[in-house]
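K.L.:
If you're matching them up, the sequences are chains S and D in order.
Take the first sequence: its position 101, counted from the start at 1, is 110 in this note's numbering, and no numbers get skipped.
Take the second sequence: its position 474, counted from the start at 1, is 483 in this note's numbering, and no numbers get skipped.
Be aware that one or more of the hints could be misleading.
Copies of the same chain are indistinguishable here, so a pair counts whether it falls within one copy or spans any two.
[What the hints assert, rightly or not] Simulated pairs of lysine-lysine, DSBU-like, Cα-Cα distance not exceeding 35 Å:
#1 K28 <-> K392
#2 K226 <-> K241
#3 K226 <-> K450
#4 K28 <-> K75
#5 K464 <-> K75
Rather than coming from a laboratory, the hints here were simulated on the basis of the structure.
Number of protein chains: 2
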Amino acid sequence: MNPFTTNNARLLSDEQLVKIHEASMEILQQVGMEVHNETARELYARHGCEVDSETLRVRFPPKVIKEAIDSIPPTFTFYARNPDYDRTVPEDGPLVMTASSAPRVLDPVTRQERSATTEDIARIARLVDRLEGIDLFSVSVLALDAPPGQNCLSRFYTALKHCSKPVRGSGEVGSGSVREECENVLRMAYTIAGGEEAYRDHPFITHHYCPVISPLKMDEDSTELLMYYAEKELPAHHSIVPNAGLSSPLTLAGTLAQGNAEYLGAAALSQMVRPGTPLLYSYLPTVGDMRSGAYASGGIECGILNMAFAQMARFYNIPCSGYIGLTNSKLVDAQAGYEKGLSCMGGLLAGMDVLQFAGLIDALLTFDYGMAVIDNEISLMLKRVARGMEVSEENISLDEISQVGPGSMFLETEQTFARMEDTALFPDVADRDTRQTWEEKGGHDAWGKSLLVAKEIIERHGLSYFSPEVDTEIRSQFEDMVPGEVIIPEGW
Amino acid sequence: MNPFTTNNARLLSDEQLVKIHEASMEILQQVGMEVHNETARELYARHGCEVDSETLRVRFPPKVIKEAIDSIPPTFTFYARNPDYDRTVPEDGPLVMTASSAPRVLDPVTRQERSATTEDIARIARLVDRLEGIDLFSVSVLALDAPPGQNCLSRFYTALKHCSKPVRGSGEVGSGSVREECENVLRMAYTIAGGEEAYRDHPFITHHYCPVISPLKMDEDSTELLMYYAEKELPAHHSIVPNAGLSSPLTLAGTLAQGNAEYLGAAALSQMVRPGTPLLYSYLPTVGDMRSGAYASGGIECGILNMAFAQMARFYNIPCSGYIGLTNSKLVDAQAGYEKGLSCMGGLLAGMDVLQFAGLIDALLTFDYGMAVIDNEISLMLKRVARGMEVSEENISLDEISQVGPGSMFLETEQTFARMEDTALFPDVADRDTRQTWEEKGGHDAWGKSLLVAKEIIERHGLSYFSPEVDTEIRSQFEDMVPGEVIIPEGW
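Chain S on its own, in the form it takes in the complex:
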């Protein structure tokens, strides 16, 4: 468990947490939410909400929200194709997830931007499968090459073919009927698992949706999915996405209060469908850059809001997950590094369970292969901090200090040899050579080196997680399915 779930850096006092909670309750009761899905409105009404079917406004008595909060379980499990990679929070945290659904990629050969395809997803899936610091694969990019109606299907097919870690979906909404698209994905999942029952025993896809359009509006389709997943007992959760100055007040406290209201309003619906439905408290809060209206996801205020939302989640005893470690940089440079580094450490020390950031740059618009490798290294550093410092008689090393004595060296003590491998991380990307050695080795910057590491990992992987029989069966069920093969482009 992330030790800072309890010993965390406290941005907000207990009293302030209560104030925000009360403000959220007041927002839900006085302003309410505009709910566009009729079934949802009916459900809200049946559970004690005040519903105005003209304005679509749903108002929540505090009691309704309180019941929902009490009914959300304190843990959430991500299942994987390979059960060794199953992860439950808070106990297995901190976990790191890829950031997802970028429309574009920096081509690893030209380093120029282009549209993302399932060829990218295949390579990324292998990379994530092997990056030790990345626990959860939220499919990083969209698929321009997906056949009509197979948008989600192509992405999941390719991701599951090459990655045995938990796969999280995002963006199941879009082409055609949401329910049909979702049912197709499940049909494929049953085939992969060897039947519906086997899949339901170990459901290795986690569904994700954003039913709330800030401020305080619940849409038709994602709300439909929210209810569908809860009803079918499929692992799923929603995220709220307030953007201060654009879709929430231009104050951090106002954005927190409104976002918290939005989270709770949608969470209540899942509990109304099926009490005890597991959820994450998941958020992507940002602040607009008021000079241009730009989406300033790399801004430190995004980190501060993540820290505060983590405290709210702890206040309700719901495991939490945030989009953090984001950057506005267009490439993998110092800006990408410090924007990610600062907010990720903030999230860790505020006690977050899941940090979602790996692989993306340019305000979630673009994936870069090298960035994913560097983010893996950031993740290992965060996990090293979470491991902390063992204070034992042996580790305090009084005898060794006494034996070595003033003015001597510890380099060759028995204890130093014994601890060589596990006291400190050995990074793959971060360079520690002398300048001369570094120059002799080619003088790569971190981006250049990370792209080489990415290529090497993808090339070496060489596995598909679908047997030929399963693959044939899936491909016969869905005509025009993308190939989903891993290709290393010339010149990488």
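Following the hints, complete the assembly by docking chain D onto the known chain S.
P.N.:
Chain D alone, transformed into the frame defined by chain S:
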């Protein structure tokens, strides 16, 4: 004050802090320190230490250390030429200081490494003078062009000529008699201040020294300085520099216990000279990379140790300062960004008062002008986190949320206009344009942009803080004094 001095991320529990404290007391009592300065040994003996004049070993009864701890004041003040820039910790924290005494510079024109000179110090002084996020100027580089015997003098002369913030020295030890060199610096300071009395009223140089060579050895010269500054009531403090696996045990707890013992042993001497001498608890703890023995200052373990030392300092109620946010990168790339970002945020949230990192790369060997500008931006981000989130009725914005209502926008509310300037930072370096606009503006990475910002600031500054009379007087006192002028090299 850094709000995380109290609401901090706690790496160590209270019980663990006591264990480390007790281990340090045991180290000081059982092993002791090897003290090479005879006057110091006499002083230690006079105050109750057990001194072996054959082995030079000084052993400390717990009572002696306890008295010293109780006598160190809870605050420390950095004085500046311009009193508006005076800073006291903890109350004015978190403060950011430049990292200091690099022998080399990346030339801003060629981006190649070369030796540092006072020409660099002049430019850096102007830059630091104007970078809003940097509070304290520890002279960033050495001076290859200093005349014999004027090593410190040249550096301070040039730094004070162009920077009106607090200037901290480092490395007064080296050429010739330390006392003579130090007295020359003070003579210059009196001239600048308009006399000795005026200087002593507002001593704008803070002296810094490293008397302890880990493990547990106190040298001749820096120990001499420690006593000299305490006796003369000059602002000064020492840092300890244990390196796990090389000069301390290869465990974090062992390095913490030994480093803490070293800090306290030297601190006791300053209190013996003059009880109540203000001090910082200052540290530069690192872990060696055991693959090569490299000084892995960018490693996350350096951040973890900083967090732990901050907790020790709080335990004793001594204001603290750490070398953190260091990097092993050879240039200003993603590695420099994430190594700095991660550990700086760790230090902030652990409650550090002073973070010393700005400007250096390559394990403290090299200064880069762009890095200083980027570190200023990191500092502003840290200070934004420290400012936190105001939770007031006005900031929670219930009325505004109610007025805007579900599905609308906050972009044009009166409150948004009113808060435009102060909710979020507007960074100078971090790019937030669309990719297209960014390309049209030249497609600079953060390093390229930061070098342009640095040049612009230095060019625009155009001030010297020495009157012609003072400058003439100093130059007549010290023959061969370096010019100390600001030159913008061709092609920057």
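K.L.:
Take the hints in turn and mark each one as holding or not.
P.N.:
Okay, the hints, checked on the actual structure:
{"no.": "1", "hint": "K28 <-> K392", "in the structure": "both (32 Å within a copy, 24 Å between copies)"}
{"no.": "2", "hint": "K226 <-> K241", "in the structure": "within (24 Å within a copy, 68 Å between copies)"}
{"no.": "3", "hint": "K226 <-> K450", "in the structure": "neither (55 Å within a copy, 38 Å between copies)"}
{"no.": "4", "hint": "K28 <-> K75", "in the structure": "within (15 Å within a copy, 43 Å between copies)"}
{"no.": "5", "hint": "K464 <-> K75", "in the structure": "neither (50 Å within a copy, 57 Å between copies)"}
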